[in-house]
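Colleague: Each chain, letter by letter, is given below.
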Amino acid sequence: MSKIKIPKHSPSIDMTPMVDLAFLLVTFFMLAASIRNPEPVEVVTPSSISDKIIPEKILLVTIDKGGRVFLNLSGIEARKELIQNMSAKYKVGFNEKQIETFAYMTTFGCTMKELPGYLDMPAEDRKKYETKGIPSDTTNNQLKDWIFYGNIAALNSGKTDYENAKLEGKNPDINDFKPKFVLRVDGKAVYVHAQNVIDVFRDLRLNNLNFVTSAETAPN
Amino acid sequence: MAEIAEGGGGNEKGGKKRAKKSSTRVDMTPMVDLAFLLLTFFVMTSTFNKPKVMSLVYPAKIEDEPNPPKQPQINNAVTFLLTEDKIYYYEGQYFSAGNPQGKPATVLSETNFGPNGVRKYLAERNAYVIKNVEQLDSKLTREQKKLMAEGEKDTIYERKVIEFKKHKDALKVLVKTDDKATCKNFIDLIDELKIAQIGVIAPVDLLASELELIKAKQ
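Keeping their order, the protein sequence lines are chains A and B. Under the working numbering, the residue at position 141 of the first sequence is numbered 141, and the numbers go up by one with no gaps. Under the working numbering, the residue at position 181 of the second sequence is numbered 181, and the numbers go up by one with no gaps.
Just so you know, these hints were derived from the structure itself, not from any lab. Some hints here could point you the wrong way.
[To be verified] So the derived label-pair ranges between C-beta atoms look like this:
id: 1; chain 1: B; residue 1: Lys103; chain 2: A; residue 2: Ile76; range: 57 to 63 angstroms
id: 2; chain 1: A; residue 1: Glu114; chain 2: B; residue 2: Lys139; range: 54 to 60 angstroms
id: 3; chain 1: A; residue 1: Asp199; chain 2: B; residue 2: Ser55; range: 17 to 23 angstroms
id: 4; chain 1: A; residue 1: Glu42; chain 2: B; residue 2: Ser55; range: 21 to 27 angstroms
id: 5; chain 1: A; residue 1: Glu163; chain 2: B; residue 2: Tyr157; range: 31 to 37 angstroms
[Unchecked claim] Which chain B residues face chain A? A few, computed with CB under 7 angstroms, are given here:
id: 6; residue: Met28
id: 7; residue: Val32
id: 8; residue: Leu38
id: 9; residue: Met54
id: 10; residue: Ser55
id: 11; residue: Val57
id: 12; residue: Ala60
id: 13; residue: Thr177
id: 14; residue: Ala181
id: 15; residue: Lys184
id: 16; residue: Asp191
[What the hints assert, rightly or not] Capping the alpha-carbon separation at 30 angstroms, the derived lysine-lysine pairs in DSSO-like fashion look like this:
id: 17; chain 1: A; residue 1: Lys52; chain 2: B; residue 2: Lys172
id: 18; chain 1: A; residue 1: Lys52; chain 2: B; residue 2: Lys165
id: 19; chain 1: A; residue 1: Lys180; chain 2: B; residue 2: Lys184
id: 20; chain 1: A; residue 1: Lys178; chain 2: B; residue 2: Lys165
id: 21; chain 1: A; residue 1: Lys180; chain 2: B; residue 2: Lys160
id: 22; chain 1: B; residue 1: Lys145; chain 2: A; residue 2: Lys180
id: 23; chain 1: A; residue 1: Lys57; chain 2: B; residue 2: Lys146
id: 24; chain 1: A; residue 1: Lys144; chain 2: B; residue 2: Lys50
id: 25; chain 1: A; residue 1: Lys170; chain 2: B; residue 2: Lys145
From the three backbone atoms N, C-alpha and C, an ideal C-beta is built for every residue, glycine too.
Assemble the whole structure, with the sequences as input and the hints as a guide.
Modeller: Next up, the structure:
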């Protein structure tokens, strides 16, 4: 009599398909996603049906729930020029390192007086730092100067980009290189806060503004 | 973990020496761990839909211009007065009580953000533009629609739409806000105006007498 052999099953599972899938997803997310920029303020924007994607070159003013005002300008060169102009205007000196930090930073919201100290902080502390926002009242309207010089700096760097694009033999549109003015307001903020900032823009004859909104499907 | 070492241990019977069979399989567990760790990281940090923007052109400040133009006679206009989560509106010009022209004083009507509120009202009032734009849309060929979806600007189409929006039968809107209105209220209203294809939107300052009317309503 022969012994009945029970086939031995290996207790290990073939993990190859799972690994394949996992790496596929990793690759997909790596390629498809853009990393979220760390922002010093949390802002919940209202939604709209607009499908216009946020432009590349922007001067962004953020207004949070409490009405604090923050600023961001895209472009490293433009930011360098901006801080140098502001430093001359307000007689606040910045060293090389501070200018460098400012150029690679994103949104900020502090007074000119606070700014050198703010720039000296390590990035972690900067996140925790409680700022009062950029002053924009009539007696001390720093926001107006930030926007004014920000616009000039962005226009200058836009011009160089335009010339470069022209040299490369493309047919660029000068309007694509002009900065767009974007307002990012918290839905819960009182409109009066936004109105103050809008009035600053209008005083500088910048009447074409954009509001950041999250997407919403249009009704039929 | 998933792999269990086989044939190990010390059951060597009878002194017979066997070559150790080493498994050809590689333990993939650490690799899988890593893969999923990366996966979680990318899922958490990534943002997919880039934020959208809604553009709005504000009227230039009047003191900017050397000779301020005369207040144009606005025909077919409606003024929205926004306060906390509520919309009031009146049509045409504002008349205070006991005005010299002898017109009846302006009375505010109330509406809301619901689909049967402001959206229905605007669709009725701006029917001229909505109808004409729909007609234009229906004339577009499939190729044109495809091109426009890809970002190509059909200037003739756009020019016609703007022409309709500026026509005297099109509704013009003034938006005024009081000190209690939130940004969400404002953007929601502008959004409704854009849905209703309104081309002329002017956010302007609230008059003191209008604020009185709002207060009287509450």
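Colleague: Between the alpha carbons of A/Lys52 and B/Lys172, is the straight-line distance 30 angstroms or under?
Modeller: holds (23 angstroms)
Colleague: With respect to the beta-carbon atoms only, verify the hint that A/Asp199 and B/Ser55 lie 17 to 23 angstroms apart.
Modeller: Holds, at about 18 angstroms.
Colleague: Hinted pair, alpha-carbon criterion (30 angstroms max): A/Lys170, B/Lys145. Please report holds or violated.
Modeller: holds (27 angstroms)
Colleague: Would the stated hint for B/Ser55 survive a check requiring a Cβ distance to chain A of less than 7 angstroms?
Modeller: Holds - the Cβ of B/Ser55 comes within 7 angstroms of chain A, reaching about 5 angstroms at its closest.
Colleague: Would the hint on B/Leu38 stand, with a C-beta cut-off of 7 angstroms toward chain A?
Modeller: Cβ of B/Leu38 sits 5 angstroms from chain A, so the hint holds.
Colleague: Between B/Lys103 and A/Ile76, does the beta-carbon spacing fit 57 to 63 angstroms?
Modeller: holds (59 angstroms)
Colleague: Do the numbers back the hint for B/Thr177, that is, is its least Cβ distance to chain A under 7 angstroms?
Modeller: This interface hint holds because 5 angstroms falls under the 7 angstroms limit.
Colleague: Using the nearest Cβ pair, does B/Val57 come within less than 7 angstroms of chain A?
Modeller: Constraint on B/Val57 satisfied, holds at 5 angstroms.
Colleague: Take the C-alpha atoms of A/Lys52 and B/Lys165, compute the straight-line distance between them, and say whether it is at most 30 angstroms.
Modeller: Since the Cα atoms of A/Lys52 and B/Lys165 sit roughly 20 angstroms apart, the hinted pair holds (cutoff 30 angstroms).
Colleague: Given the hint that A/Lys144 pairs with B/Lys50, does the C-alpha gap stay at or below 30 angstroms?
Modeller: Status holds; Cα separation ~28 angstroms.
Colleague: With chain A as the partner, please determine if B/Ala60 meets the hint condition of a C-beta pair closer than 7 angstroms.
Modeller: Status holds, d = 6 angstroms.
Colleague: With 54 to 60 angstroms as the target window, see if A/Glu114 and B/Lys139 comply at their CB atoms.
Modeller: With a Cβ separation near 59 angstroms, A/Glu114 and B/Lys139 satisfy 54 to 60 angstroms, so the hint holds.
Going through the hint list in order, the structure satisfies each hint without exception.
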